[in-house]
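J.: Residues per chain, in single letters:
4 protein chains.
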Amino acid sequence: MIIIMKTGYDRQELDDVIARIEEEGLRTHLSIGENTAIVGVVGVPIPPELQSSLETCGGVENVLRVTKRYKLASREYHPDPTVFKVRDVTVGGDAVVIIGGPCSVETEEQTLETAKAVKAAGGNILRGGAFKPRTSPYEFRGLGLDGLKILDSVRAETGLPIITEVLTPSDVETVAEYADILQIGARNCQNYLLLEEAGKSGVPVMLKRGMSVQIEEWLSAAEYVMAQGNPNVIMCERGIRTFEIATRNTFDISAIPVVKRLSHLPVFADPSHGTGKWYLVPSMSLAAVASGADGLMIEVHPNPDHAKSDGAQSLTFENFAALIPQLQSVAKAIGRSVGVETEVSIAD
Amino acid sequence: MIIIMKTGYDRQELDDVIARIEEEGLRTHLSIGENTAIVGVVGVPIPPELQSSLETCGGVENVLRVTKRYKLASREYHPDPTVFKVRDVTVGGDAVVIIGGPCSVETEEQTLETAKAVKAAGGNILRGGAFKPRTSPYEFRGLGLDGLKILDSVRAETGLPIITEVLTPSDVETVAEYADILQIGARNCQNYLLLEEAGKSGVPVMLKRGMSVQIEEWLSAAEYVMAQGNPNVIMCERGIRTFEIATRNTFDISAIPVVKRLSHLPVFADPSHGTGKWYLVPSMSLAAVASGADGLMIEVHPNPDHAKSDGAQSLTFENFAALIPQLQSVAKAIGRSVGVETEVSIAD
Amino acid sequence: MIIIMKTGYDRQELDDVIARIEEEGLRTHLSIGENTAIVGVVGVPIPPELQSSLETCGGVENVLRVTKRYKLASREYHPDPTVFKVRDVTVGGDAVVIIGGPCSVETEEQTLETAKAVKAAGGNILRGGAFKPRTSPYEFRGLGLDGLKILDSVRAETGLPIITEVLTPSDVETVAEYADILQIGARNCQNYLLLEEAGKSGVPVMLKRGMSVQIEEWLSAAEYVMAQGNPNVIMCERGIRTFEIATRNTFDISAIPVVKRLSHLPVFADPSHGTGKWYLVPSMSLAAVASGADGLMIEVHPNPDHAKSDGAQSLTFENFAALIPQLQSVAKAIGRSVGVETEVSIAD
Amino acid sequence: MIIIMKTGYDRQELDDVIARIEEEGLRTHLSIGENTAIVGVVGVPIPPELQSSLETCGGVENVLRVTKRYKLASREYHPDPTVFKVRDVTVGGDAVVIIGGPCSVETEEQTLETAKAVKAAGGNILRGGAFKPRTSPYEFRGLGLDGLKILDSVRAETGLPIITEVLTPSDVETVAEYADILQIGARNCQNYLLLEEAGKSGVPVMLKRGMSVQIEEWLSAAEYVMAQGNPNVIMCERGIRTFEIATRNTFDISAIPVVKRLSHLPVFADPSHGTGKWYLVPSMSLAAVASGADGLMIEVHPNPDHAKSDGAQSLTFENFAALIPQLQSVAKAIGRSVGVETEVSIAD
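First to last, the sequence lines map onto chains A, B, C and D. Take the position in the first sequence, starting the count at 1, then add 46; the result is the number in the numbering used here. Take the position in the second sequence, starting the count at 1, then add 46; the result is the number in the numbering used here. Take the position in the third sequence, starting the count at 1, then add 46; the result is the number in the numbering used here. Take the position in the fourth sequence, starting the count at 1, then add 46; the result is the number in the numbering used here.
Please note that a few of the clues may not be correct.
You can't tell identical chains apart in this list, so a pair holds if it fits in one copy or across any two.
20 Å max Cα-Cα, derived DMTMM-like pairs, lysine to aspartate or glutamate [as the list claims (entries may be wrong)]: (1) Lys52 x Asp126; (2) Lys114 x Glu101; (3) Lys306 x Glu262; (4) Lys117 x Glu185; (5) Lys117 x Glu80; (6) Lys117 x Glu69; (7) Lys165 x Asp226; (8) Lys306 x Glu219.
Bear in mind the hints are in silico, worked out from the structure with no lab data behind them.
Produce the entire structure from the sequences given, and follow the hints as far as they go.
T.: Printed below as a string of structure tokens:
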């Protein structure tokens, strides 16, 4: 931690700052400049609240943290990329993982039909929401447990692992019985009790970035999961909130390489929520893969114009199937593969 | 709902849009312009997913909702302002309510001392966090149940009603036993299951605005509480996330009159979180009251430089006590009063 | 300047950083921690480009500036508030200055009528745009020189000083012949050649904050004017761009006390552009004054529903006249006065 | 234009709205719903100020524009993509154009050396700033005319066309004598007089997106250039301002396909400013090409750690040269080529 004193600070103020630091059993390292002084804090651990405390001291201009707020999620702590298996799908490896499926599980037929289309096109994992967070209480909120059962039966039939969202700590146990990956949605990115419960479940967790969550905060949220002994976290960029209204969110593709530099965790991207427009999903999927994404999550629906949620950002089966070979070409261009056709592509 | 067709749409596309609408048992009203056509949807109810569905149809430029996503929270539904009592404190009336207290309950002594200072200065309600959401898992997360018990005993001694945060649905029952107002924090503004559980408790709820939550979404979140039969919701502006880094958040004071125009619910403001800087709290408190806020929530701590959380945005007892008379002057200037000195002020 | 080395940096990297700094004739002050090292730069002047240079060096985590990017505009350089006269109106003094008038000068009659209404209500200065920046080339762009002549004749008749916008350096000389204050609009906040030309004119300058300009950048923009020998700069908050769509901009009232703390310059507020809604102007005007604004700029039009620009955010004469006494009450509550009725109010 | 009346509007208010519209020689189309009424405006032209006027009318909830604010820049007006030549470089064709070079022209040697490296690596066009907009007046502002002369001589020696920034209308004539493309920077995106002057010059214009400019506003800015008879405009995404601080800006790659859908103009991307970090430039370049960008503008410097501006976001010659083949692979994957190696790549 570094404390920068105001121009014109007085000696007593500086002494008070030093005393406040030493009170925590830490030492200081002083650098007196022309107009200001800089105090470095030496020693560990630095109590997290010390920054805010020092900001209240007279004569202090600014207090800067030097260390990160997360540890287990950091590259320094774990230099090699995290790679793990979800059933037979490798996450974080060379092959870019494709998750496809409807926003919401509506019926068994719709889910099965979509799963088959996803699989046929080369997708690896099925998505489908059984518990849906909705902006208004008057919107469709999912089939709940019945939705989970549909996912289970579709998995049995197609062999695709499933990812589905969990909304609240008390549901984690139930959802974890069915899901191969627990999805934590953007609105719950900083729902810390949910993160911890998901961590305890031992099931891999996909943590979507909150709409206004900075990357350091997002990795700190992942730390909540990991601190419970669960190392299998997928970070998923899904768009942030900005002033632009042409898209539902601003899909922050640069977050992908930034997180990969700061962390060893695999990074996925959700171009469906990232843009909110089905016609932007193909180009943004290609861009995400080109930038280094380890996976994509794409909404697919048999009839987007009759979807119970998010139809406007869902691909039809045809559009999804047409996208996969394009993704494979781009992935190949950067030395990776996409989806289940991996070996074939490489053999090409 | 209004559908605007693209320039150059073709007749079949328009017919498909009309057919999609009629499929829901609704009628259409057509307006053919020079280059475009506009389709109005007539009838109720309009299924919430119809907007997204229509956006997928060929030839559609844009689909606009006309009706709001909330009803119980709207001025149209309930033209008179909502006024209710929290013990002997009137919320939503002419008197601006002052909530003061520490970010976190740390010890009984700290809490009692602060409560007494808040009361002596003219504050109405004591705040204090027992369950704290923290960005990093390595920060102080509150005393939990022990914190609630401290608040209870301090209430018994000072007579101040208490507001404290609840983080997760399974805690609502316990927190509601102690709290006079349940606080839902910014990170949980769209935690819908928590909102519903708080709604069911019957205890008044203060709903803080999420960091990137638009006003319509915020009122829709309030709707979740109200739809459970709990009409006593306080909206609390606490700053939104923007590009500006001189303040912790951008305190959106204009949200106060906007919400009061759209809704009958009382609107409070939290200048401590709104700015993140104790030295901005007085001016922003005055501004919030001048703009029509029905209450303020201000962090107060006996020793901000030793607070376990948010010291940098907490007022000392002296600064808090000095602020109240200024607030009273400004309130009086707009025909209102502040805090418990109401009758005296009016008698003035 | 402070350089924070990455965890795991090596000694050669640190030596390279030191060498790069010493190459500029500066010295370093080293603090070696457990996992990182911190290098302080000692000496002056530090070349502005050094920060970016050091960010490219191997092993560097972060480079932080300690000194501000502006000097003449800073409180440290000029501790007392800047106060100056615009004809007989004192700017930056105890009295809050009221600027009123139409967005655009449309006709002499409209301008004169408005000026009289502004003056009668207690306003100090007349605003009116002759050169208008418009988002689309197909919108009304002002009367140009004819507009300036109208303002001149209205000033002669009413005695009100005038403020009007200048869009481009080559117009500064002409506009400065007519204007008592040159207005630099939000879109030109970082149009540095315009700022310098306005600085050279010697005429007081009102510098509106750009829509996405951070406060430090805004003060650096003011520095461009001041560095030309023109100390009479008014900072004007007019709303920033955020994700919220209920208002045209988010009116950042906290910028007022922040700028007043960092700088000696007077700070005004423009609630008309700040909100974009006439019905929010009164409450936001009161809030701005309560927060410490030294002046307000408010759009007033005889017939907002026939204004050639910005009708939606313009007050009618009646609404403007009704607002002034409310402003005076709030100003009095914080020990200030408003507009020309100052002495009377105080005598009250 | 569509006017939505408030719930509970009265008949007189509706009649007033209709009268206001008819006053402009337009007709209305009325749709009376259960709780509201919707008024469509029929006829052309609709005066741009009518929207704001109608927003002031009693009983009006909302006024929506249906038509875009730009015409010449729109796809509807010009369905085929705009393709033009800059010397022998085709802009807007199948080959992705690579612009490389230093942020600022510092010396002839630095510029020539960089141009040769750019050319050798396969770049098409040289960038270099002679007139630099800088946040603080104390930073390096470019060599001015001397910089233009250096660019001219380097072009003569290498054959690379040049792009350089113009800051103010009175410089357009001079800069246009030297530049093959006039660059309008982000801060000047809405400097309308500069846009018009650049339009009049007849030289192709690259229009960077302003930091907080919405896509519709950006296209309206391009309209200013085009309305002067200059059809050769390149749109360049360079990052927008958001709450994220890990990057200098948030590089909005989705703007590329959005603009290409709305407009026929070629769209470039500047990953150097878009991210502010040299180590993010390669991945973001790949992403931009994958998303459909027609060109890239990349900062390249012989010694980024000694650059007079923007060193932190500049590639070394080696990193630039290493990037081009990767870009070619990705471009090939989507059926395009990159830079001057076009024919060879295709012959592959």
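J.: Taking the earlier hints as the rules, which of them does this structure contradict?
T.: 6 and 8
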